[in-house]
Amino acid sequence: MRTLFQKKNTSLLLGISLFAVIVLLGLLAPWLAPHNPLQVNLSNRLLSPSGEYPFGTDHLGRCILSRILYGIRTTVSIAFVILGLSLCISLPIGLLTGYFGGRTDHFFMRLMDGTLAFPDFVLTIAIVGILGPGFTNMIIAIVIVRWANYVRLIRGLVLKVSKEDFLITARMSGNSHMRIMRRYILPQIAAPIAVFSTLDIGKIVLLIAGLSFLGLGVQPPTPEWGVMLHDATRYFQLAPHVMIFPGLAIVSFVLSCQLIGDRFKEQNVHVPKEV
Amino acid sequence: MNYKKKPFSLSFGIMVVCFMLVLAGCSANAASENNAAAANNAATASENANKKLTMAYTWNPAGVDPHGDDSWDVMRSGAGETLIKLNEQLQPAAWLAKEWKQEDANTWTLKLENNVTFHDGKKMDAESVKASLLRSIANSHLAKDLLLVKDIEVLAPDELKIITTQPNSAIISSLADPSTIILDVDSMKEAGSYPAMTGAFKIKQFTKDVSLVVERYDGYWGQPAKLKEVTMKFVTDGNTRLMALQAGEVDVATDIPIDSIELVEKDSKLEVLSAPSVRTHMVLFNMNSALFKEKANREVVDQAIPREAIIESVMRGYGTKAKSPFPEILPFGKVAEQAAGETTEQLLTAGGWQKNAAGMWEKEGKPFEATLLTFPHRPELSVMAEVIQNQLLNEGITVKIRKVENIDAELAKSDWDLAMYSMLTAHTGDPQYFLNIFYQSASESNVSHYVSKPLETVINKLNDTPATEARNALAIQAQDIINEDLPQSFIVHPDNVFGVRKGGNGLCSASDRILLCDS
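So the protein lines, in turn, are chains A and B. When the letters of the first sequence are read in order and numbered with the working numbering, they come out as residues 3 to 277. When the letters of the second sequence are read in order and numbered with the working numbering, they come out as residues 319 to 837.
The set of hints was computed from the structure by calculation and includes no laboratory data. Possibly wrong hints are sitting among the right ones.
[Stated by the list, open to error] Partial pick of chain A residues on the chain B-facing surface, computed with a CB cut under 8 Å: (1) Val42; (2) Leu44; (3) Arg47; (4) His61; (5) Leu216; (6) Gly217; (7) Gln221; (8) Pro222; (9) Pro223; (10) Thr235; (11) Gln239; (12) Leu240.
[Said to hold, decoys possible] Far from chain A by the CB rule (all over 12 Å, computed), these chain B residues: (13) Lys370; (14) Asp443; (15) Pro485; (16) Asp527; (17) Gly556; (18) Ala614; (19) Glu655; (20) Leu665; (21) Glu704; (22) Val769; (23) Lys779.
[Unchecked claim] With the Cβ distance kept under 7 Å, some of the chain B side facing chain A (calculated, not the full set): (24) Gly439; (25) Asp577; (26) Leu581; (27) Ala627; (28) Ile629; (29) Lys652; (30) Ser763; (31) His767.
C-beta atoms are modelled at their ideal positions from N, C-alpha and C, and glycine is treated no differently.
Using the sequences plus the hints, can you model the full thing?
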């Protein structure tokens, strides 16, 4: 048991460390990046990794390391913005539908069934296709797709908590609905939401990178991992490093989220499986 | 207009001739070759008699009707032929028409080859050619605009008279355009049937989105094709074409991505064939946009384009610097380079622009911010767009790149300032058509919305001038006006690049010569 516990803690520790390092690298990018990530230098195209360019250069002679470091800022911050927006929309809807039920609940559940019937990525591509490629439209599209997952999760958690004795007591004590939701339900469901969010942030990063890879998300010259991968596809035989490093960056970040999320999931029985 | 809808599909320029000649096993036509070469060719011809060739082909035609949007693809398959072809110097030469004569300003007579048969076995005569030309004019806007035909008369079984609505000195070279491919009109009456044309190959099978298979036509009027069968697989992605060539799935890959040329060069089984083209990569200015109505702003962008660096690095030397729409390999492409004008600083300051605290140009609180469109079919254009974006950013100008799938549909809208574009500017070996469709104010294809009365006067004069020398001089004069007004910035005339399997079908040596001589 002890060995198992240690192993689990190691993966958690690894996940948190990796996550922290990546976020820290992003925050310190202006000081850590050896070059300007936007500086084009056509005479330095597709250089292999070297002392001056530790990760080599891309098709426009830009430093790949610098672009990856600045890419953390773009990719991860967009992911947090999307997460925040999704929660802002989902939290009130999830709380109200779960707490009160009734017609509103039915309406939102059918709406979510409709949203969740389509695979995330396909629906996101369709929405961006309608709205047009770009930074803002990508955020809108991902929020539209992801909010339903959060509503379903929050509603489920609220339904579960609603049956608890302490909540019945709270109702009998004359607390208002608003106060019950704020004081008694929200603290109970906060932890599972946090765990789900941690897991989901990795997924959101994959969606962002996927859309940018398809040319539907972040537009050049903004350093973003998906855009970097997209640019690298034409050079993967000639200069594989152009593709490897942004790929590793995405893998590392998503892995860190998975390691943290998985560990919490094992401890917390309230977190439902991905819907 | 068909031409406008699919400008980038008119790719490869002169490469079309290469295709036809490669597929038709043209080495047998090389009369000037010495005996040793002829013996060698004969041996190769015998070896290749039953050989098949597979090609990874850039475009994905919707059909095989040459009188529509897919005429270039049919021409490249070696199945179709026109009355006239362009020779090595891009001058009109005899093909299905063996000679021609201008009777007056609006009338031309053409004498046809006598021994030509269509793929369905019928003999080609003046009546069938007339029916084919009338069909192409009815179905293809391009053919209609190029030929300006009023009437076609059959003078004899092998003689035809073409009367034009107005003097059309370019009609002979226009008859080399693939939209005028000669076919047996009766063969198109049955739904789903393939057109019976006159080329060395006939269509065996066309599968949409997959391939076009052509086989040797034994009744061909010229030298028979050396290959028994050719399969053109439609592979629109450059990397996939390259990988198919590397894996040995195909013998030839057209339009190899410039950055992958090194891989082909390094591979001992493969080789690169290249030839200059009559294509021009350019930046279009939207003359209706608030920013680029001002000539000074267009000059700023033009000066920021690092043409030499683009050719050396992005094009890896496979291209020549563009000074005008037409490349210098053409007699009407020898245009004097514009002298360097004022600096960006001087131009923008004179226009009332000021640099803000961030070092960016702004006017009345509005930053100099332009939208640049680019499209994925020619990947090098997107790289160039990023280079230009960076150069302008260094100058203090923000450029937002927008990648679009259908560039022509986007150009028809008004929400753009700059656009990367690519066109075959002299695919008929004559400047008239391009100048008319691209610069006449009434033309739908005038995508820059550029209006210049002096230029239109010169173009109209060119339309009415029959003498070649005078026409060339007028074309140069027109380009001087264009370069002065700067509705477009011309960047590079790219080379056509093929990747081929060495010795696969005895094609390479022949192709090499053809590629070079047809440039």
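How the hints compare with the structure:
| no. | hint | verdict |
| --- | --- | --- |
| 1 | Val42 | holds, 4 Å |
| 2 | Leu44 | holds, 4 Å |
| 3 | Arg47 | holds, 5 Å |
| 4 | His61 | holds, 6 Å |
| 5 | Leu216 | violated, 10 Å |
| 6 | Gly217 | holds, 5 Å |
| 7 | Gln221 | holds, 6 Å |
| 8 | Pro222 | holds, 5 Å |
| 9 | Pro223 | holds, 6 Å |
| 10 | Thr235 | holds, 7 Å |
| 11 | Gln239 | holds, 6 Å |
| 12 | Leu240 | holds, 6 Å |
| 13 | Lys370 | holds, 28 Å |
| 14 | Asp443 | holds, 51 Å |
| 15 | Pro485 | holds, 47 Å |
| 16 | Asp527 | holds, 20 Å |
| 17 | Gly556 | violated, 7 Å |
| 18 | Ala614 | holds, 25 Å |
| 19 | Glu655 | holds, 22 Å |
| 20 | Leu665 | holds, 22 Å |
| 21 | Glu704 | violated, 5 Å |
| 22 | Val769 | holds, 30 Å |
| 23 | Lys779 | holds, 42 Å |
| 24 | Gly439 | violated, 47 Å |
| 25 | Asp577 | holds, 6 Å |
| 26 | Leu581 | holds, 6 Å |
| 27 | Ala627 | holds, 5 Å |
| 28 | Ile629 | violated, 10 Å |
| 29 | Lys652 | violated, 28 Å |
| 30 | Ser763 | violated, 25 Å |
| 31 | His767 | violated, 23 Å |
In summary, the numbered hints that this structure violates are 5, 17, 21, 24, 28, 29, 30, 31.
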